[in-house]
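Asker: Knowing the structure of chain X, use the given hints to seat chain U on it.
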Amino acid sequence: MRIILHIWRQKHRDAPGKMVRYEVEDVNPHMSFLEMLDVLNERLIERGDEPVVFDHDCREGICGSCGFVINGVPHGPLQGTTVCQLHMRHFKDGDELYLEPWRARAFPVVRDLMVDRSAFDRIIAAGGFISVPTGSAPDGNAIPIPKEVAELAMDAAACIGCGACVAACPNASAMLFTGAKISHLGLLPQGQPEREQRALAMVAQMQAEGFGACTNVAECEAVCPKNIKLENIARMFRDFIAASWTRRPAVERLGGVG
Amino acid sequence: MRHDARIPGGPIEQMWDRCRFEMKLVAPANRRKYSVIVVGSGLAGASAAASLGELGYNVACFCYQDSARRAHSIAAQGGINAAKNYQNDGDSVWRLFYDTVKGGDFRSREANVYRLAQLSLNIIDQCVAQGVPFAREYGGTLANRSFGGAQVSRTFYARGQTGQQLLLGAYQALMRQVGLGQVRLFPRTEMLDLIVIDGRARGIVTRDMTTGEIRSHLADAVVLATGGYGNVFYLSTNAKGCNATAIWRAYKRGADFGNPCFTQIHPTCIPVSGEYQSKLTLMSESLRNDGRIWVPLKKGDKRPPNEIPEEERDYFLERRYPSYGNLAPRDISSRAAKMVCDEGRGVGETGYGVYLDFSDAIRRLGRRVIEERYGNLFEMYERITGEDPYTQPMRIYPATHYTMGGLWVDYRLMSTIPGLFVAGEANFSDHGANRLGASALMQGLADGYFIIPYTVGDYLASNRLDRVSPDHPACREAETSVRRITERLLAINGRRTVDTFHRELGKIMWEYCGMARNARGLEYALSKIPELRQEFWEDVRVPGANEEVNQSLEKAGRVADFLELAELMCLDALERDESCGAHFREEHQTEDGEAIRDDERFCHVAIWQYQGPDRKPVRHVEPLEFKYVLPTVRSYK
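For the protein sequence lines, the chains are X and U, in the order given.
Sequential numbering of the first sequence, starting at 0, is according to numbering that gives the first Met the number 0.
Sequential numbering of the second sequence, starting at 0, is according to numbering that gives the first Met the number 0.
So here's chain X without its partners, still in its complex pose (with noise of 0.2 Å):
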C-alpha cells in the first residue's frame, strides 16, 4: 500500500521547523510503523536527503522511547499501543498521516520528532525513589503485601515515561506521570516514611519544570500506551493535599533530601 506523510522536520532545538510531504510505496501491512519510516529514511539517505530524527530503541513498547504525534493523536490511533507496536495493517492504502513531535514548553524539540524529556528524569530525582541504601533491607518475605495492593502497585508503575500524557493534554500537564509514581511507592508499605514528603517534592518539581495543571480532560488516560488510569492523579491530590495540611518542612528544603 502506499501512504502520504507529512512530518515536522526540525533541524534543531532553535531553528523553525515546518511540515514536509513524503511518500512511501509498497508499505507491508506487517511492517511496524517504525519500520515504514525506516524504509522513508533509507530512501531518503540514498537520494542525498537527511533521515527523519525520531527517538526508538527497544521497539517492543517498554523502553518508553518512542514517541510522536500521528493525526493529532500520540502513539496514533491504537489504544494501549506505543507507536512502535503499532503495525501498518491497522492504516489502508492512500491513508495521509500528519506526524509531529510531542509539543509541551517542558519537553523542547531536539529534532524533527525528537524531543527532551529530561523534566522527567527531574522529578523523579526530587522524591520518586524509596531511600533505602544497598544492603540495609531486610528479608523479602518480612513484608507482607495483599496480592491486590501488589496489583494496584504494579498498575501504576508499568508507565513507561514515554510523554505521551503530557502531550495529549491541552494543559501539557504532567499529573499521570507524577501521579503513577506517587502511587506506586505511596500504596506500598514501604513508601510509607517519605510518603508526604515524595508528594510535595514531586509535585514542586512538576510545576517548577513548566507541566500544566490538570482540568480533568483525561486525554491522558486515553492516550496512555500503559493504560496508566486517571485514579493515580487523585491518588496524588490525596497526598499532596494531606502533607499540605500537616504542615511539613517547606518544599524547597525537601527537594534534596534522599
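Since the hints were derived computationally from the structure, they do not count as laboratory data.
In this text, a Cβ means the ideal position worked out from N, Cα and C, and glycines have one as well.
Cβ-to-Cβ under 8 Å is the rule here; a few derived chain U residues that face chain X:
{"no.": "1", "residue": "Ser50"}
{"no.": "2", "residue": "Asp124"}
{"no.": "3", "residue": "Gln129"}
{"no.": "4", "residue": "Tyr137"}
{"no.": "5", "residue": "Leu141"}
{"no.": "6", "residue": "Met174"}
{"no.": "7", "residue": "Val177"}
{"no.": "8", "residue": "Gly178"}
{"no.": "9", "residue": "Thr209"}
{"no.": "10", "residue": "Gly240"}
{"no.": "11", "residue": "Lys278"}
{"no.": "12", "residue": "Pro452"}
{"no.": "13", "residue": "Glu547"}
Ranges between beta-carbon positions, derived for each pair:
{"no.": "14", "chain 1": "U", "residue 1": "Leu179", "chain 2": "X", "residue 2": "Ala221", "range": "35 to 41 Å"}
{"no.": "15", "chain 1": "X", "residue 1": "Val19", "chain 2": "U", "residue 2": "Tyr137", "range": "53 to 59 Å"}
{"no.": "16", "chain 1": "U", "residue 1": "Lys506", "chain 2": "X", "residue 2": "Val19", "range": "30 to 36 Å"}
{"no.": "17", "chain 1": "X", "residue 1": "Gly134", "chain 2": "U", "residue 2": "Arg367", "range": "36 to 42 Å"}
{"no.": "18", "chain 1": "U", "residue 1": "Ile491", "chain 2": "X", "residue 2": "Glu95", "range": "33 to 39 Å"}
{"no.": "19", "chain 1": "U", "residue 1": "Arg19", "chain 2": "X", "residue 2": "Glu45", "range": "55 to 61 Å"}
Answerer: Structure of chain U alone, referenced to chain X:
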C-alpha cells in the same frame, strides 16, 4: 600474570567473605576524593552508579539514551532467580550454583557462579525494599515460577515486566543520588574511546549526541556496564541502539576479550516476517511453563494447527527431554527447533517456526488464569502478528538474545587494564557457554549492587593514583582518534546506507556463526567479513555533519565496530573445536544431535588479546577447574 583470576583460596562457600575481608577499604571521609566513571545505566550500570554514590564517591554515569531509565534491561520479561527456597521445593544456594554451572556446560568459573548464587538472596531483599512490585500470593508472600534448566520454582517476577521493574528500582536509586549531587548523569552521550594513562584506565572520550562535542572525562576508575553485542547479528532481541563500541574500543586499548563466540540464541521469539524487519521480539521463556511446543509429524503439513489431530503432532521437546520437557535450557531448545525446521517440518509461511500451544493449559486452568499470567505477552504477540494466541497457537523461532562472551575480568570484575571494571552482560564472567533463563538480571544486579562497590573501593585504596589533567597527551590522542573516525565516516559519501551493511553482516553471522557452526562455514565467514568491512569503508554513505543530531553517524560507528568484532567471534568459534552450550560445532555431535564437549582440550576460557589493526589477535587460555560440580555429559533427558 596477565590472566590471574585472583580467585580467593579456601572452601568455595567462604571465598567471597574472605575476599571482602582481604580487600582494602576507603574511609568514608576519603571517598569524596575519588571519582568513578560508570558507562551504561542498565541493571549493572545504574545499580553500580547508585551504590558507589551512596558510599560517597563522585560518580559520573553515561548512557546513549535520553534517560537512564531506557537501558535495555528494561525489556527483560520473565523474571529473576534467587535461591530463597520460599517454595520449600528443595532449592538452596548450592542448587542454584549447580544448575548454573551445569547450564553453562562447564565453561564458567565455579567461584564466580557460587558468589552469584549467594548474592541472589540479597538482590531480592534489596529490590523489594526499593518498592519493586513483585507478584504476590494471597497471603502477601512473594510468588515464584519455574524457568528453563531448573526443577525448582525460584524465579521472582513482576508480570511480564520484571526487567522494567528492577531497572526502575535501580534507576530511582540512581536518580536519588543525582538529586543529591553525588552522581552526575550524562544522557545522550556515547563513549567512543577509553583513556589509558601509565597502563591504567583513567577516563573515557565521549560524543555528545545532540551537539557532536567530543571531549574527555577523567576519573580514578572506569566501570563499563554497556551490555552485550547481540546486534552483531543485525536481527536480535536487543534494542536498536545496543552496541559493542564501548567494550570493543576498550579491547583495542588492551582489555582482553573472553569467549567472544558464546552467543545465546533464545528459542521463543516471534519469527521474521519480511526483509524490512528491524528487530525480533522475544516471547518470555516463562510461557514454556504452560505452553507446549510442537510441529506436525509429517513434512510439509500445511493444515491449520487446529485441524492437525493429536497423534499427528510431534511435541519434540517433551519427546526428547522427558524430565525437563518444554523447560529444557535455551541452547538445547533452540537447536531442537532448528532441527525440526531443517527437516522440513517447520510451520508458518517461511517454514521457520514452531508452535507454542496454550490450548491444553487454557482447558486445564481456564482462560482467566492464563490471561493473568501472560496477558501482556499475549497482547504483544497479537499486536505484532495480528493473530490471537488464545485461539490459535503462537508461532515462534529462535533469535539472538544474549552474549555470554564479553571482556575478560578477574574475580573482582577487573579487566586486563588495571582500573577498568566490567559489569553485567558486558563481561564474560558467570554464564559459561549458555545462560539459564532469569539469570541475566541476577548477574547484572549482583555485579552492580554487591560486587563493584567493594572491588572498586579496594582498587582505589590499594593504588596510588596521581591526578591527571585533561591536557594529558593520552587524552589528546584518544580525542584525535575519535575525531578521525568520525571525519572519515562522514567523508566517504559512498552509495550504500549503513543499514544495508549491517543487514549483510547479520546474515553472514546468522548463517555461519549462529545456532550451528562448522569449520568450513566459519572459514568462509572469515573470508567474507574483511571484504564487507573494506567495502563499508569505501562505499558507505553517512549523510549530515558531526555537529548535530546524526543517527546515521551513530549507527555507522557502531557497525564499523561490529564488522571487526564479528571476525573475532568467528575466529574464536573456529578455534574452539568442540561443542559446548550455545556453541554447537556440527563436527562434534552424537548420533541424535546432542553436543559433544571436549574437556581434554577446551576446558578453559579463550581470551583474545588485540595486536593492532589487521593483525591476528593472540589467543590465551584461562584453565577452568571444577572441584565442586564435576563435569559430566549435560543431560536433560
